[in-house]
Amino acid sequence: MLYPRPLEALLYELEKLPGVGPKSAQRLAFALLRRDAQQNDDLAGAIRDVKAKIRPCENCGNYTDVEICDICASPKRENGLLCVVAEARDVLAIENSNEFFGRYHVLGGLFNPLEGVGPEQLKISEMIGRLGPEHVEEVILALSPTVEGETTGSLVARALEKHGVKVTQLARGLPFGGDLDYADQVTIAGALRGRRELG
Amino acid sequence: MVVKSLHLSNFRNYASQELQLPPGLVAFTGDNGQGKTNLLEAVCVLATTKSPLVERDRELIRWDEKSARLGAEIELPPPPNREADVRRLEYSWRVEGQKVEREMKVGGVPQSAVASWLGQLQVISFFPHDLVLVTGEPEERRRFLNLELGKIWPAYFSDIARYRRALQQRNAFIKATYDNPNRRETEEKYGSLGELNRALVSYGSRVLAARSRFFAEIAPLLTETHQRLSGLEGPFEVEYLPGLSAWRRGDESDWSRLFLQSLERDHSDDFRRSSTQSGPHRDEFAFKLGGVDLRRYGSQGQGRLAVLSLKIALAHWVRDTLGDDPILLLDDALSELDSTRRELLLEEAKSFAQSVVTATDATFLGEVAAHFRVSEGKVEPVLTTA
Ligand SMILES: Nc1ncnc2c1ncn2[C@@H]1O[C@H](COP(=O)(O)OP(=O)(O)O)[C@@H](O)[C@H]1O
Ligand SMILES: [Mg+2]
Ligand SMILES: [Zn+2]
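As they're listed, the protein sequences go chains A and B.
What the first sequence shows, in our numbering, is residues 1 to 199, in sequence order.
What the second sequence shows, in our numbering, is residues 1 to 386, in sequence order.
Please note that the accuracy of each hint is not assured.
With a cut-off of at most 20 Å between alpha-carbon atoms, the simulated DMTMM-like pairs for lysine to aspartate or glutamate come out as follows [to be verified]:
# : chain 1 : residue 1 : chain 2 : residue 2
1 : A       : Lys123    : B       : Glu96
2 : B       : Lys189    : A       : Asp90
3 : A       : Lys23     : B       : Asp324
4 : B       : Lys4      : B       : Asp324
5 : B       : Lys175    : B       : Glu264
6 : B       : Lys189    : A       : Glu67
Covered stretches of chain B, as calculated for chain A (at least 3 residues, CB under 8 Å) [said to hold, decoys possible]:
# : segment
7 : 196-207
8 : 211-217
9 : 358-372
If you only want the chain B side, here are some residues facing chain A, beta carbon under 7 Å, derived [to be verified]:
#  : residue
10 : Glu185
11 : Thr186
12 : Tyr190
Bear in mind the hints are in silico, worked out from the structure with no lab data behind them.
Since the model is a prediction, treat every value here as computed from it, not as a measurement.
Each residue gets a CB set at the ideal place from its N, CA and C atoms; glycine is no exception.
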């Protein structure tokens, strides 16, 4: 099917977004076409702003539009309790649970040699630097229950060893079934007939 | 357990077939190329979601068809004072362009995870192709272990998956740091290799422990089975050979320690070869008859008897472990045996709640619970005592 060029360009850009296939790209594009020009300008502006104005908090790595994020700046937050996460988006997930009142530290990834991420690329020394000034007594590791999450967790735990803080781990939220699904894709097919060698 | 009924549509050379099966020994006979093996393959697919004979699901769908379906009713042994439980399994494929979509249902409820499907139907199968267990590469034997242990211990599957991932990470690390001494230095400061070793050892030692437990448990069953089948006195054994450089014969005390010692010992080797030399990914096992390694020195007949003994011992092990009989499937296992062993094998088969055998020739079958004739993808009953 042939679309006018501007529409084609919009579809092309929309489809690059995660979770957007050809069908939903079409639905979005036609919805945008029907809207007021002003509404679309607002959307375009917001998209432009998000990249221009959002940056990592200089203290914890969380998303912010100022130097120090609201969580780090808030006097209501408990000093002494630090929750370590892999990505800034994990902060939001934990905030949404309304269960945690300490502060965060975003590592900026997980130790993952397959993707070329070594421990020196993670913000581990930045985390160590916060322990004294923020009187941290307990570090909670909230990392995914994958091989990468577990190795990163023990790297962080070992870096904390000589600093006399308590290190705990978030109770595993992943249902048992989730673990097995993982085994499903990776293993079962291989074990049954696949040509993949163990390792 | 017992397969009470079987349904095939557009599976291999079957257009549409319904079958009622009794407990006990069930025989399918017919000329070559009529569909006997396909029938046993269908039962295996229902048990494990995959064919033991081919990689691609596409080959299972009848030529020129766009979908296929398998169904079975499984009868579980009755709990005390209650009626037997019947479980309904349905498995179907739909060709969508280049892809083949699968759907699995238990009692009409769609299943998303293969893990929840495995175990619904426990089958131990022998196909002539299984001779590769003796003659083939170590990879064939590891695949056998992974499937058979995973069917009984679901946690084994997730340990293997994690082990494999940790191994990939460790190998990637070794490769990256070997080429780049700077990086090696910074990463050694963080103790990255130590962490990767720890992860590898924690998953890997569970795999090693499961495998060594399996071999310890199956050992006596295997020796007895082989003796019954062959009538030979020479002891038949399967010997577990863990792929750890620090392992010495007989030392199965502490897998974590042995694995860690091996990694330390292999350190420079691993870096030189950019891969991990020790671990369950290098495991192997040997078939030994009177001390002779059949992988190298066995005759075709010895190999065949070894694999048959392994499969039947495995069925006994599954029975002991689960407290319920698996279904034994023997494809074309009789033709190459002499008449004494053929009878012995049929006796073994009859000791299970249900077993299914195929043969080209019906004359040496003896007494069976049901006998079907297979011809051009159609099955007709010959005689039923039920
Ligand atoms: N996908 C398929 N569609 C139709 N026929 C098939 C398919 N796959 C195999 N066949 C046919 O099935 C027959 C082999 O059946 P098989 O069960 O191996 O025979 P046997 O009775 O000797 O064990 C062959 O005739 C082959 O052409
Ligand atoms: Mg055949
Ligand atoms: Zn912050």
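Structure-based check of all given hints:
1. Using a Cα cut-off of 20 Å, the hinted pair Lys123(A) and Glu96(B) is violated, with the two alpha carbons roughly 46 Å apart.
2. A C-alpha spacing of about 28 Å is found between Lys189(B) and Asp90(A), which places the hinted pair above 20 Å, so the restraint is violated.
3. For the hint linking Lys23(A) to Asp324(B), the alpha-carbon distance of about 50 Å lies beyond 20 Å, and the restraint is violated.
4. Proposed proximity of Lys4(B) and Asp324(B) is supported: the alpha carbons are some 16 Å apart, at most 20 Å.
5. For a cut-off of 20 Å, the pair hint linking Lys175(B) to Glu264(B) stands: about 17 Å separates their Cα positions.
6. At most 20 Å may separate the alpha-carbon atoms for a hinted pair to count; Lys189(B) and Glu67(A) exceed this at roughly 31 Å.
7. Counting residues of the segment 196-207 of chain B whose beta carbon lies closer than 8 Å to any beta carbon of chain A gives 4, which meets the minimum of three for the stated coverage.
8. Residue count for the segment 211-217 of chain B with a Cβ under 8 Å from a Cβ of chain A: 0. That is fewer than the three needed, and the coverage hint is violated.
9. Figure legend: the segment 358-372 of chain B, annotated as covered by chain A; annotation inconsistent (0 residues with Cβ-Cβ distances under 8 Å, at least 3 required).
10. The closest approach between the C-beta of Glu185(B) and any C-beta of chain A is roughly 10 Å, which is over the 7 Å cut-off, so the hint fails.
11. This hint holds: Thr186(B) has a C-beta 5 Å from the nearest C-beta of chain A, less than the 7 Å allowed.
12. The interface hint given for Tyr190(B) holds, since its Cβ lies 4 Å from the closest Cβ of chain A, which is under the 7 Å cut-off.
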